[in-house]
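**Q** Work out the full structure: start from the sequences and follow the hints.
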Amino acid sequence: MNGTDLKNQLIFDFASGSLGPSKSIFASTYLYLNSKASNLNKTFENILGENLFDNDNVALPKLKYTDCISNKSVISQKPNQTSSPITKVIGSLDKIKWKQVFRGFSEFSLNINDENNLKLIKMDPGISAPLHSHDGKEFILVLNGSFHDEYGKYSKGDLQINDQNIKHTPIACEDEGCVCLTITEKDVIFFGRYGSFLNLFTFIKSFFK
Amino acid sequence: MNKTELLDLMEKVAKNRDEIAFSILFDFLAPKINAYYLQNGLAKENAEELTQEVMSIIWTKSDYYDPSKSAVTTWVFTIARNKKVDFLRKNSKINFNEEDIREFLYEENKTDIINENEIKEQVSKINQLLDEYQRKIIKMNFFENKSHKKIAEELEIPLGTVKSKIRHILLKMQKLL
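Those sequence lines, one after another, are chains P and Y. Following our numbering, the numbering of the first sequence begins with 1 at its first residue and continues without gaps. Following our numbering, the numbering of the second sequence begins with 210 at its first residue and continues without gaps.
A few of these clues could be false.
Said to hold, decoys possible - Pairs of lysine-lysine, DSS-like flavour, derived with a Cα cap of 30 Å: (1) Y/Lys372 to P/Lys36; (2) Y/Lys355 to Y/Lys374; (3) P/Lys119 to Y/Lys355; (4) P/Lys153 to P/Lys167; (5) Y/Lys278 to P/Lys137; (6) Y/Lys355 to P/Lys36; (7) Y/Lys299 to P/Lys167; (8) Y/Lys384 to Y/Lys329; (9) Y/Lys374 to Y/Lys345; (10) Y/Lys384 to P/Lys62; (11) Y/Lys359 to Y/Lys345.
Stated by the list, open to error - Label-pair distances were calculated between CB atoms; the ranges are: (12) Y/Lys212 to P/Pro61: 22 to 32 Å; (13) Y/Ser333 to P/Thr4: 17 to 27 Å; (14) P/Lys97 to Y/Asn225: 49 to 59 Å; (15) Y/His377 to P/Lys36: 17 to 27 Å; (16) P/Asn165 to Y/Pro367: 14 to 24 Å; (17) Y/Lys278 to P/Thr4: 24 to 34 Å.
It is worth saying that the hints were derived from the structure and are not from the lab. These figures come from a predicted structure and were not determined experimentally. Note that CB positions come from ideal geometry on N, CA and C, so glycine has one too.
**A** If you want it as structure tokens, here you go:
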């Protein structure tokens with residue numbers, strides 16, 4: 001699959017309600033930052049709504065409409081829709097306690113216990129992450145600033161999805177660096193100058209999860 | 210029932226708290242919502258319970274329905290879907306602070322307001338673009354949340370074919386959007 005298919009798939013899976021917690025947070029942040037993605041989600045929801053309208057009927061012999069009117073467990077409360085999904089989970093991005101992985105490159109793990117690893121990463125201006133490929137897929141969403149790699153430049157609200165065949169070297173843009181939200185489906189394999197050291201590091205780290 | 214009648218009933222419920230209008234909505238929607246949950250693999254009693262909750266939300270929160278933002282069917286679908294997500298999370302073994310996450314996940318994103326006609330046009334274009342078989346696959350995959358493997362079994366086609374068909378359909382749709 002190319003990147004566009006994978007993005008469509010992510011949005012459609014979000015619209016249909018089949019993503020796990022990590023990917024849901026990730027996808028809702030993406031929709032919040034990217035109006036094109038958000039409109040695509042809206043269209044998908046409409047198609048799913050059409051499916052509901054045309055759906056088969058399975059009668060509910062016991063349930064009466066009056067049971068729904070008298071159901072007091074539902075409270076009418078207007079949803080608040082002010083800040084970004086990610087800041088709702090972790091608070092302000094300025095107050096994060098970053099953990100430095102190497103000079104100029106820090107990360108912060110959101111401890112959501114599912115099959116995916118949801119992380120924030122911060123790269124200082126001009127810093128490059130060592131060349132790496134991925135065992136599973138990697139999703140990178142730019143929250144602030146921008147980065148570029150062999151495939152192009154990515155700014156706030158842009159999403160890059162890499163599968164296991166892709167090797168790339170992201171470099172944070174000179175002026176402001178970047179903060180990204182990432183999901184890795186499985187641990188990243190590093191290559192290059194610091195590669196073996198970082199692999200060992202990832203390996204050791206996995207014992208302390 | 211057509212979409213205009215549906216909208217009309219919704220407005221009567223929201224503005225006049227019209228119980229008769231709600232009973233008609235109930236008769237039309239509840240069996241479809243129930244079917245949706247059963248298609249998604251929920252047990253009969255759970256499907257009934259969730260259908261009741263969805264219909265209660267429609268009654269209680271009808272004044273939050275905004276016709277300029279979405280079609281009635283879309284609004285109802287999102288409520289039903291959110292209930293499904295809640296239910297599956299509560300019953301999963303995943304250990305996380307569920308309340309934190311549930312609070313915001315499917316709240317409305319700030320979108321550019323798309324008007325109802327544009328949506329209708331888009332959806333009908335997509336429907337024209339896809340043949341019946343493709344629509345069926347989309348429904349199975351995303352509405353009924355069946356795995357690729359399950360779809361392959363039910364349609365008696367190879368797994369690789371299902372995957373490539375879905376990829377093809379999504380790309381086709383992308384071109385329209």
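**Q** Hint by hint, say whether it matches the structure.
**A** Tested hints:
no., hint, in the structure
1, Y/Lys372 to P/Lys36, "25 Å, holds"
2, Y/Lys355 to Y/Lys374, "15 Å, holds"
3, P/Lys119 to Y/Lys355, "29 Å, holds"
4, P/Lys153 to P/Lys167, "16 Å, holds"
5, Y/Lys278 to P/Lys137, "34 Å, violated"
6, Y/Lys355 to P/Lys36, "27 Å, holds"
7, Y/Lys299 to P/Lys167, "38 Å, violated"
8, Y/Lys384 to Y/Lys329, "17 Å, holds"
9, Y/Lys374 to Y/Lys345, "11 Å, holds"
10, Y/Lys384 to P/Lys62, "46 Å, violated"
11, Y/Lys359 to Y/Lys345, "13 Å, holds"
12, Y/Lys212 to P/Pro61: 22 to 32 Å, "28 Å, holds"
13, Y/Ser333 to P/Thr4: 17 to 27 Å, "23 Å, holds"
14, P/Lys97 to Y/Asn225: 49 to 59 Å, "54 Å, holds"
15, Y/His377 to P/Lys36: 17 to 27 Å, "21 Å, holds"
16, P/Asn165 to Y/Pro367: 14 to 24 Å, "22 Å, holds"
17, Y/Lys278 to P/Thr4: 24 to 34 Å, "27 Å, holds"
The structure fails hints 5, 7 and 10 (numbered hints given earlier, in ascending order).
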